[in-house]
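Protein chains in written order, with my numbering: chain U, 110 to 457; chain E, 186 to 504; chain F, 272 to 783; chain X, 241 to 588.
Just so you know, the hints here were simulated from the structure itself, not pulled from any lab data.
Nothing false has been slipped in among the hints.
Calculated pairs, EDC-like style, for lysine to aspartate or glutamate (alpha carbon to alpha carbon, straight line, at most 16 Å):
| hint | chain 1 | residue 1 | chain 2 | residue 2 |
| --- | --- | --- | --- | --- |
| 1 | F | LYS590 | F | GLU602 |
| 2 | E | LYS493 | F | ASP363 |
| 3 | F | LYS552 | F | GLU520 |
| 4 | E | LYS359 | F | GLU389 |
| 5 | F | LYS646 | X | GLU448 |
| 6 | E | LYS315 | U | GLU368 |
| 7 | F | LYS639 | X | GLU448 |
Listed next, with one range per pair, are the computed distances between beta-carbon atoms:
| hint | chain 1 | residue 1 | chain 2 | residue 2 | range |
| --- | --- | --- | --- | --- | --- |
| 8 | E | MET189 | U | GLU418 | 32 to 40 Å |
| 9 | U | ASP355 | X | ILE345 | 54 to 62 Å |
| 10 | E | LEU459 | X | TRP444 | 46 to 54 Å |
| 11 | E | ALA247 | U | ARG345 | 27 to 35 Å |
| 12 | U | ARG345 | E | PHE304 | 32 to 40 Å |
| 13 | F | GLY641 | X | SER242 | 29 to 37 Å |
| 14 | X | PHE285 | F | PRO636 | 44 to 52 Å |
| 15 | E | TYR341 | X | TRP444 | 49 to 57 Å |
| 16 | F | PRO636 | E | VAL476 | 45 to 53 Å |
| 17 | X | ILE528 | F | PRO636 | 26 to 34 Å |
| 18 | U | ASN258 | X | ILE345 | 57 to 65 Å |
So the derived list for chain X, only partly shown, Cβ under 7 Å to chain U, looks like this:
| hint | residue |
| --- | --- |
| 19 | HIS389 |
| 20 | ARG396 |
| 21 | ASP404 |
| 22 | ARG428 |
| 23 | GLY511 |
| 24 | LEU545 |
| 25 | LEU549 |
From a predicted model like this one, the values you see are computed outputs, not experimental measurements.
All C-beta atoms in this analysis are idealised placements derived from N, C-alpha and C, irrespective of residue type, glycine included.
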Amino acid sequence: GGGEGNEATDGDNGGGDSTENNFTVAMVTDVGGVDDKSFNQSAWEGIQAFGEENGLEKGTDGYNYLQSQSDADYSTNLNNLVRQDFDLVFGIGFMMEGAVDEIAQQQADAHFSIIDAVVDQPNVASVLFKEQEASFLAGVAAALTTETNKIGFIGGMESEVIERFEAGFRAGVQAVDPAITVDVQYAGAFDKAELGQTIASTMYSSDIDVIFHAAGGTGNGLFKEARDLKANDPERKIWAIGVDSDQTAEGVVEAGGEEHNIVLTSAMKRVDVAVQDVAKHAMDGDFPGGETTTYGLAQDGVGLAPLNEELENKADIETAVNEWIEKIKAGDLTIPGTLAELETFSAE
Amino acid sequence: MSFMDILVIIIPSTLLWAAPLIFTALGGTFSERSGVVNIGLEGLMVIGAFSAIVFNLTFVDALGAWTPWVSLLVAMAVGALFSLIHAVASITFRADQTVSGVAINLLAVGVSLFLVKFFYDKGQTDIIQKGFSKIDIPVLSDIPVIGELFFSNTYYTSFVAIFVAVIAWYIIYKTPFGLRLRAVGEHPMAADTMGINVTKIRYIAVVLSGALGGIGGGVYAQSISSDFGHATISGQGFMALAAMIFGKWHPLGAMGAALFFGFAQSLSIIGNSLPFLENIPNVYLLIAPYVLTILALTGFIGRADAPKASGVPYIKGSR
Amino acid sequence: MEYVIEMLNIRKEFPGIVANDNITLQLKQGEIHALLGENGAGKSTLMNVLFGLYQPEKGEIRVNGKPVQITNPNIANELGIGMVHQHFMLVDKFTVTENIILGKETTSRGSIDIKKAEKDVREISEKYGLAVDPQATISDISVGMQQRVEILKTLYRGAEILIFDEPTAVLTPQEIKELIQIMKTLIKEGKSIILITHKLKEIMEVCDRVTVIRKGVGIGTVNVSETNPNDLASLMVGREVTFKTEKTEAKPEQGVLEINGLNVKDSRGLPAVNNLNLEVKAGEIVGIAGVDGNGQSELIEAITGLRKSESGSIKLNGKEIINMPPRKVTEAGTGHIPQDRHKHGLVLDYPIGANIALQTYYKRPFSKGGVLNYKEIYKKAKSLIKEYDVRTPSEYTLARALSGGNQQKAIIGREIDRNPDLLIAAQPTRGLDVGAIEFIHKRLIEQRDNGKAVLLISFELDEIINVSDKIAVIYEGEIVAIVDPKTTTEQELGLLMAGSNQKKEGVQHADV
Amino acid sequence: MSNRTKNIIVPIIAVLLGMLVGTIIMLITGYDPVAAFGALWNGAFGDSYFTGETIRQITPYILAGLAVAFAFRTGLFNIGVEGQLIVGWLAAVWVGVAFELPKVIHLPLAVLAGAAAGALWAFIPGLLKARFRVHEVIVTIMMNYVALHVTNYIIRSVLSESSDRTELVHQSASLRSPFFESLTDYSRLHWGIFIALICVFIMWFILEKTSRGYELKAVGFNQHASEYAGMNVKSNIIISMVISGAFAGLAGAMEGLGTFGYAATKGGFTGVGFDGIAVALLGANGPIGIILAAILFGSLKVGALNMPLEAGVPNELVDIIIALIVFFVAASYMIRMFIDRISKKGVK
Ligand SMILES: Nc1ncnc2c1ncn2[C@@H]1O[C@H](COP(=O)(O)OP(=O)(O)OP(=O)(O)O)[C@@H](O)[C@H]1O
Ligand SMILES: Nc1ncnc2c1ncn2[C@@H]1O[C@H](COP(=O)(O)OP(=O)(O)OP(=O)(O)O)[C@@H](O)[C@H]1O
Ligand SMILES: [Mg+2]
Ligand SMILES: [Mg+2]
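Hey, can you work out the whole structure from these sequences and the hints?
Structure follows, in structure tokens:
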């Protein structure tokens, strides 16, 4: 329980240099940076929203972030923020697990939260997402969209989080039609757009017409390829599915004199929601220290972005997706989070 | 997948991959042929990618369809300008060329990211709306087989790259400038006694490497990454350096090596969908391009000699 | 005006040294003018000033009576001055034609017209009798041809005044003959020549006048017809010099080096040494005479372990050493003064002191348990530098900064000091002045007198005849004859070296 | 002015010039240089924690610098320090987690494993260079990528069950110490700094004092003369690469056993290996120079992390300053000419 630790720190901060007695919050990004169009950005949006809501300003006396240039910087950055007396410090990304774990032990009075990993310390609130639920919906949408019955998945590097995306996505496709094949390929990197593009090119030219990526910057290559193909042949029906945030903006392409968009939808992971939620609890003296909170559909922590307007069967897909959402929210269906679970998964 | 299907995928992606490497490796070839080692290629690509993207984002409304090409020219100019730093250090101030190259790499990343933050107040730019895109080359793509393999679903920039490689070959091996360039890189004092201005030739060569490296970065950014951030150029410059050495400091060799890298990379990706490679762990495919390169170097390329005077500042009257 | 070139009171300083101090040199139209001086006297410097590579601190240069400023080689070229440098200024990877036209290319529509250039090169080469293959790559052609390329470079640019800086140092006797012929042709064509050489014989043979400099100072100019080699030598060195090296009769003892049926291939895989037999006894100097490229280099490399032998036997003191690694061969008792001192003899970026230990650094007292004792090394270096008169500021000076002669002395000191049973000396005096040559010859003979075997390889017949106790003539990788230096003549040797193996009295045949 | 004083003054001027140009850039772009440098200083030496972190960062810099310098001094260009570092890191951690042994055995064993792995990784380019005359620059570049992918694979598939990081190394293999933690307020300072300093001595000793060093340098300067002198050129090339790689592997071991205590999958290079090139070159490939250059870069890198927070200046500014310093050192001829002119004037 973080209960006792909580009071003590709050008192501490009251007497600290936070003159207006603000509740201050900060985060450390991983190397992707605060505008990675992915979870760092989402987290920062959450913190900004929280700050605005509570009348805070960016700075050492309100809310702030530090960017890491390498893995070695996580610890220094987290420590630095603690030393600046921020009341709550977020570590964004599973890469920070080790650093948060260690510092949480050393700075027992400080409060931390880690995204995408579990750190078992009384002063750390761990935040996980049911990415599989979002990607399940994406899978459903993909399966209802494909005309070739072939779908692609591009992963960045193999990791637990990306595995959840993969398992959920494949489950979603399978739930609609087990006959549809999903071609899975990992790029081995999150920042190699050319790899993403080549993989996408391979997939699209082997009859795959919908590709979902969970690959960060590598995914830029997917969008590039899809836009190019569309521009080259406006009649061609190809789609890409975004990840983490609504990536609709990446899909705009001018083809045959008209504006099209090749982004079908995005499997959203609402880090912003989770961050605001944790911060709010902490401010209210209800810091979920030592606990792991998993944000899923039920908590609005994940979701599916609006579907593409150009879809012919948009309404049908929407209906189907909503049905699944209800089922999942109702607890009638557990989406597999690992490939092992996927093997035994059945939508019935 | 039939063999033809495989080729239809591999060839365009090889060309896509190779284009930025070809430009940059050609730049390296000019510089090193004149006797100036240039491990700053990575930095020159960074600067090229940065300026192309910033220019593209800023002027896309005014320039329309021509935006990527004009941006490429800007990348070329900025790259050339930036390489002057390397030229001044290593030619005029007799700097250790490797050190100066390292400085170029560090400086390019620092300056461009600093400016991105300064201009946009964030760590990476938006996505450009008008990049180079895939096209079927008119007429040529209609040729049976060849057209589908080489001229469909491809990029103009890849063919420009190959064309520039041929031009570079012509310049280096067929023109007086090329003869002088090579002489300066092999034996600057001999060139000097023949009345050739060693300093001038080396400056031209280094600036050319900056221009071509800038184009390489600009092509990469506008045909592949579509934006600019800290990871946009991460190692491509070093691959270009490797292509230059692999190609034995010969423009067509460098082009061939860049195409080989592109091919190996594509193969490693398409490998996943080949029946006989399907079940091997991903890691083998990931390392395949690099291992293939090493094997190729060991197996059939044999020894490559750098231009004799490369890395040595020319000081009149010393020996 | 009868002088085409006048260099008046030239002074050129380098940091800490005055290389040229008030030197005057006047070149008449149509003459061959020798410039003579010891190593480091300042000859090359003076010529580099004339060619625009260095700027003089003081003095005046006049061309055809008109004062000129020669600030770079381009201006020299325009004034009709061409220079054949001591160290060739050729791009190895280029063809003959490319080297010649470099900087003054014939073009058609922006690209080099190589066909026309080759034709032009062929034309001048025929006009002046300078046989070259315009399409050959420099690294593939002989030193003699490289030099002809250097000459063609100047003629291609229309040079009227040619400077030759030690052109004969690197040539074989045949090539020297050819070069002298070429110079005579050039004079006939109306050119004027400045020739730097250490070989007094050559001066006597072709030159009209000679200017002598000593330690940067001009000693004077004399007509060749009014002087003789002895006078020139003492003028140059400032003391009497003996030419004929004094030596007593050799007292050969047991065989030290015995080679039987040796076969070695060259770098291209062609046979270079064929079934060669040779013996060198303790207490004698065997000289190997031959035209360059007849397997001398391969023979030395095979003995010293630098090159693999195909078959045969090489015995040192009765022990088989064929195909042993170089270090084993060295330790078995050989010393080697290599032909190319920059490539093999020295690590130019090491101090001269460290170079002294190049063969022995791993042995006591220089190294104990893998740890070097630099104190001992530099102590040794210091004493050798003194003993062998190596002129260097200190033993810590980089080998690169020493003049060729002094580099050579250091190598010789290093090799002789190890007191090897067999000393292989390959072209030990190439490019050195008479004083240095005398010194080195003395050392070789001393070694012999101490009961050691010496194998001398040289293209200088003078040297071979003067120093050796026995001459082995090599031709196409075989020892074709063994002759006695006391009874042979240069003509006879020349014929044997050219492969005309007539049986003559007094000529022993190797295969006997 | 004597050459010796010049050799000391030139880098100092280079550093000052770098700072000066950095200041000018800040003035032009409207940032506050005083605040920036203040933040930089505080971030590097502001309190014992930051000093500890700075020294921690210096440790791998010294070793990576040694690796580059050692190869350089023997005529080789090792761009593969990064890859050798990564495999050294993995190997050290592997030994650290796989065994349970008394500390006197375990720690040295783990450290040596790191060195051995780096050495092995460098052995390959060394062998290829010696045996097939393959250019070491290309091979080492390629080996960097291979190292990255192979270690990621091993961490996910061998050292863990598809997790993104290994277990923490056992206490008996850790370089951390409670003593340093209390001394530096929980910084990650560890014993590695002494290993690094010992290695500086080792490099100096090998190169300057041993007959092996004499051979290695001779081969680097002139292979022909070395062969003539009976040295084995091929084995010396290999030995040189192996020693260089061992230093690089040690740098990795410092990260694995000290800074982090585990190995994690990596999306990209650590950058330490490449920074090692700058360290070596700024330090003129000499022992003292490398230490000083590592101190400079280490403090700049760690201090920079504090700049965005305390002064609102992007930390890329420090990258610019580092680059400028390297540049001015490279172009030190310019500075020397300048000094000569000044001191001449002074005499007249
Ligand atoms: N680039 C240089 N820098 C410094 N000193 C030099 C340089 N070139 C020549 N010298 C000095 O000038 C002196 C004359 O050198 P120069 O090369 O003219 O001698 P040389 O007469 O040509 O000797 P050799 O017969 O060996 O060719 C040398 O003793 C040397 O100390
Ligand atoms: N860069 C330099 N720095 C210092 N001294 C130099 C330099 N270059 C040449 N020298 C000096 O020039 C002098 C003569 O050089 P030169 O090339 O004429 O010698 P050399 O005896 O003819 O050599 P070689 O036999 O190799 O032709 C040497 O004494 C050397 O000290
Ligand atoms: Mg000379
Ligand atoms: Mg000489």
